[in-house]
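Novice: Chains as they are written, first to last, in the numbering used here: chain A, 484 to 883; chain B, 484 to 883; chain C, 484 to 883; chain D, 484 to 883.
One or more of the hints may lead you astray.
Same chains, same names: a pair is fine if it fits in one copy or spans any two.
[Stated by the list, open to error] DSSO-like mimics (lysine-lysine), calculated; alpha carbons at most 27 Å apart, straight line:
1. 775 to 764
2. 869 to 634
3. 869 to 553
4. 846 to 863
5. 579 to 600
6. 508 to 846
Source of the hints: derived by calculation from the structure; they are not laboratory data.
These figures come from a predicted structure and were not determined experimentally.
Residue-level listing of the chains:
Number of protein chains: 4
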Amino acid sequence: MVIRVGLIGQGFVATTLAVGLERIKRGEIPPYGVPFQDLLSYRINDIEIVISHDIDEEKVDKSLYEVAKKYFSTLDIPESLSTIRVCRGIHLSSVKDLPIRARGLEDFMSLERAIEKIVSDWEKVHVDVIINLITTEHTKPLTSFKELETKIHNNEVNNLPATYAYFYAAALYANTVKPLVFVNAIPAIVAKNTALVSKAIESRILVVGDDGASGATPLTSDLLEHLAERNRYVRSIVQFNIGGNMDFLSLMNPTRNIAKETTKSSIVEDILGYNAPHFIKPTGYVETLGDKKFVSMHIEYISFNEAIDEIVINMRINDSPALAGLLVDVIRIGKIALDNEEYGTIYPINAFFMKNPGPREGKSISRIVAYQLLIDWLLKHRALKKVPRYSVYTLEKFEY
Amino acid sequence: MVIRVGLIGQGFVATTLAVGLERIKRGEIPPYGVPFQDLLSYRINDIEIVISHDIDEEKVDKSLYEVAKKYFSTLDIPESLSTIRVCRGIHLSSVKDLPIRARGLEDFMSLERAIEKIVSDWEKVHVDVIINLITTEHTKPLTSFKELETKIHNNEVNNLPATYAYFYAAALYANTVKPLVFVNAIPAIVAKNTALVSKAIESRILVVGDDGASGATPLTSDLLEHLAERNRYVRSIVQFNIGGNMDFLSLMNPTRNIAKETTKSSIVEDILGYNAPHFIKPTGYVETLGDKKFVSMHIEYISFNEAIDEIVINMRINDSPALAGLLVDVIRIGKIALDNEEYGTIYPINAFFMKNPGPREGKSISRIVAYQLLIDWLLKHRALKKVPRYSVYTLEKFEY
Amino acid sequence: MVIRVGLIGQGFVATTLAVGLERIKRGEIPPYGVPFQDLLSYRINDIEIVISHDIDEEKVDKSLYEVAKKYFSTLDIPESLSTIRVCRGIHLSSVKDLPIRARGLEDFMSLERAIEKIVSDWEKVHVDVIINLITTEHTKPLTSFKELETKIHNNEVNNLPATYAYFYAAALYANTVKPLVFVNAIPAIVAKNTALVSKAIESRILVVGDDGASGATPLTSDLLEHLAERNRYVRSIVQFNIGGNMDFLSLMNPTRNIAKETTKSSIVEDILGYNAPHFIKPTGYVETLGDKKFVSMHIEYISFNEAIDEIVINMRINDSPALAGLLVDVIRIGKIALDNEEYGTIYPINAFFMKNPGPREGKSISRIVAYQLLIDWLLKHRALKKVPRYSVYTLEKFEY
Amino acid sequence: MVIRVGLIGQGFVATTLAVGLERIKRGEIPPYGVPFQDLLSYRINDIEIVISHDIDEEKVDKSLYEVAKKYFSTLDIPESLSTIRVCRGIHLSSVKDLPIRARGLEDFMSLERAIEKIVSDWEKVHVDVIINLITTEHTKPLTSFKELETKIHNNEVNNLPATYAYFYAAALYANTVKPLVFVNAIPAIVAKNTALVSKAIESRILVVGDDGASGATPLTSDLLEHLAERNRYVRSIVQFNIGGNMDFLSLMNPTRNIAKETTKSSIVEDILGYNAPHFIKPTGYVETLGDKKFVSMHIEYISFNEAIDEIVINMRINDSPALAGLLVDVIRIGKIALDNEEYGTIYPINAFFMKNPGPREGKSISRIVAYQLLIDWLLKHRALKKVPRYSVYTLEKFEY
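Based on the sequences and whatever the hints tell you, model everything.
Specialist: Following this line, the structure appears as structure tokens:
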């Protein structure tokens, strides 16, 4: 059974997802970076990207094939991408500080009409899963869905995050067409917003969010768990991040940066149980680094009998593929939840795949622990063909 | 209720354990590095070191206070250590290549008599827990306990590992005095030897082993788990270790080194599920590094859409305190098992605390997963005052 | 012959200098970190700190002994420091954003009178060398000494850097008392300001500056030289710096940070000959790191036949002692120049000891190359007892 | 004017040299990694590789084009390489422990005849420069050239390093055909052997050697110089090297490893002036790392007032291109010396380009200092079109 996916924001992540998926489906490359590979009830081959929205004049009305050509100049891009079109989306000034020539539907019509247009785009291709991959934006807390409804109705295009407009479109779609999964892969607050999650339940939406767990943060969470489990007292944590892609360029804008920093810093207290002195931030932009960012981390802690230990970690990691690989499973697992008529948001899914897992009271936990929760959830939903390697659930029975 | 502990090998780990314990008991320092701090049914204050055995002429017949003075020249050593005596033990040439002036009981009497002497030393102070902390030695596989019995009876002092002689002493003690915990904190094969574990069950011994999980290996296991859970394909793993303590000096001997390498390398295939090309070894000795070793690790892996990522980890870590901190809990949890009349060896305990966890078929798993197993074991034994931070067991109930 | 030194800003560097000097003089510690140790015509023992100025109410009117006690709580502070007094200096709001209770002489009298007071303080103790070690401040370019004179005369205390007021005091002192060395060890622009250097020549001042070459920048300069000499093409340079001392706290203020960044970044183009894309900045403050900062650097370059190489450097370095050690030689070499009646500023001295070497057209060069220039200067001034290890000058003659 | 080059050992370095040279000559790539690019009196375009010798049956009688195809499967190999032939050379069991099917000329004829054959191969193409790039081999010290002559005459093929046989061939060639440059780019002892250098003078050979300064050692020399110039006291140095090319595989053989270790370790005492405790070794082989080795270095030192600093360096570097790039200049500068009738060995050339610079008493010095010596040598020989960037010689005149 096919899972129909719509992308929002045809940047590096969305394009890597589209290209990588096709290459795996054609048997060109193994499914590395896809956590559950061939273990889920849905196969990777069941995923079909059917539509995309963007506001960059360089991309609108192009095919995914043409867009992919620009990102991967030396790669043999699958022809199958030439049938998927990038439609014009909504930007609501979310990119006004970036070097992009952007025009959204709202520049041509009222916001309400623009949203209806998007819903109708989705309806034509019967999307099951929508993935929000627009540039990081700061979202002011929303106290009620009503507030959002009013703003859209009054065409208040300023200070309205594009993410909210897309969520509104998703709600409209779910109400009038069919249930869907809304994956919020960026730091905007959706799955952690109680008002939006309530609306999601009401409209039969499953929200997966917030902020896809690629980059250094997931690893940091497991490192801190490792130290916490040994009661090693962390004296300081420093984590620098620098890259050369659009995401880093956009984070040079202080308000975006704060959105990101909050996501990254929350793990310290959530996992350690105390707020160890830390500096964890996207720190800079150097274009020649490209999508392969450089991360440097320093942790100093006190061990038994007052010994002082230090760990330094340096990484060169490709952020976009890491996130794209996770999304392959978010799509499939989100659809499994949908098939089970589970709406709102599901912590065991978010805890593993997202940096800032909803619902509002959901804490950032070690990813390795979250993985165990997810295995448990998948087992309970009979969604696993077999248990990968080992888990506490299988070990428990076997070992003693 | 007091837990009486006997140490074998009064080196840096044993001395750090003795000093750190007293300092915690006197309220001088917090119990950092002790995983379960004040959460267990036994308190740290319940532990009492009552005896020690060594074969270094510089230590035999000294008090722990005198020995500790040499290791920690600037520290204010607790006076309470002056009542604990270092008795002469057995070496069986386990240190013949090292710059130590060693004489064991077997140099003065038959091996059988020597072992009886040790049992009688333990009996006088009613030990509950014995911790093997002698220098890393290579142990050839033992096919039956009978084989060991015969060798001892025939006074075959060559090629008999001292660890086996001490295990024999433990069996004698358990048979004639009372049950006990035998902690094998070094790479010798005890908990993974089926013959010895059978004997342990028969004699009412709990074996915890093998090879205490300090150093870089436990962290590596969690790193590899982190990658495996995302299906990232590891192309190569390199891990260098260099230090300046007696352990590193002894590992310059190739046969000892192989014992250690096996322990360290097994995690690669156990956790990843395939044998990624690797070089994981204690690599050198530079005296001025002292007990704070330097570790350097490089991991290269393939992520989604053929992206190549790299992680480099450098650590300056104090091995001896790390192990000593773990032993504080091994002592307490071992005693809990003993109170429950559980003998032989217990995988959920070994999997968290040991590099090479028994029984024979016990795999090296991620320590974070092992911690969940251990929490489960402790909960089932009503040995936890409260659940630390969070665990899959508590999260499961709470979240959905 | 004694060299009398006056300090400005009794912070960590100045205090380390005072304490370290006395300990070396008493034979307690070797002169590690002092480049020319016992090779110069002046001995380390010839240096005497005779006075200090500060504006922190916690320090003013205390002895150096009392101040040192606060910085080095566990150290046995030399009694000899108890005779040196911290006099009240000038701050001119240079510290208004910092958590310091500051009052300068200018809060009690006119700026002109304040400066005269300082000159008279110096006169009483016959200073030969003045070292500016106040908190990093931003100095707007000064077009003429006249401009400075007018501002002081008109008591324009706002927006006047304290460094300029001290330089003015130095000029007054040189004009009325005797020639002196003015060491500008902070990023303020003095040796690189043509107007001030002209005034220095006129008043018989030797300026050494600007910005003492401690930290990661000197090493970076040698790394870049190493690459440039092999024509390796640098694609990107990233350098993060984070620390927990007052210097890092003050650099969280953006205008101070810019002063520092300029100093650090200029080496890229100066040494490579092209402006490789880079991010080189003091990046953060975490108090628990203390004076031992953490530096992380990443360099990617292209080698022969398009090979891509990477270097990652991580350092834990103590900034204050590194600078203090250099100052021991700046004092002695400055005095040698003074004895030779050389005023203004001297590039071969600045190029080795300073991050931003004067005069204005002086480029940042590799420190190893600068060292050769300095050796040459010292040889020409017969100031070296013997040539240290080797130099191009000695090798040239010897080898072929 | 053309410089005719003969290669010995058509491995990765020789092949990279051949391919990179052609690509530069065709304007395909810039001359990155070639220190003196277009500054020398000879141009890069003047270099022509005319012959190669190897003993690997997979390479003998192939063209360089065919060999290059195997090393660079995805690269467009210059057709011009198809006219250069790999002739059969001599191995003298230098590769008997490696997975190579090797047959040398000496397997078909007497060693004397084999050497004559090689001389005649060279004669046909009029070689000016011979570069020894065979696998690292251990060379026992040779006390006289006579000793070598006798061994060859008596056909003593065992325990005779192939390097010595090739040097003998070079002497024969120089005596009978014309002067030549013999570049010993491997750790064998040639330029540091007094007997061989005497013979070189007599036969009109210029020896450049020993052991081409690629890898981490040159950088280490500049790092140590940097510390030594500040009188920072080095407590320990650790340097690990691991790679996946034939060089690392061959170094797993202990006798080869010792040859390499000596070269690498000598810099510590040579540069610091004392033998700081160190571990500097090629440490392992992991095939998947390929030619891009991983280096990890840790240095701990004492700074002013007993402060302890640490530097950790991690590198991913391509060894073969680094060496190949240097060789482009060794060829040109060697030829310049030849044109000036300078024979034997020249320290200022060796000191920059070689790890273990001859003559026998030549010390390993900082490469940045060596570069200054080399500039001086080039200036004196009017071999520089212009001075690169800056040097002490130009700075001296200009600055004061």
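Novice: All hints, please: hold or fail.
Specialist: Going down the list of hints, with the structure as the test:
no. : hint       : result
1   : 775 to 764 : both (17 Å within a copy, 21 Å between copies)
2   : 869 to 634 : neither (48 Å within a copy, 48 Å between copies)
3   : 869 to 553 : neither (39 Å within a copy, 42 Å between copies)
4   : 846 to 863 : both (22 Å within a copy, 26 Å between copies)
5   : 579 to 600 : within (22 Å within a copy, 56 Å between copies)
6   : 508 to 846 : neither (35 Å within a copy, 34 Å between copies)
The structure does not agree with the numbered hints 2, 3, 6 stated previously, though it agrees with the rest.
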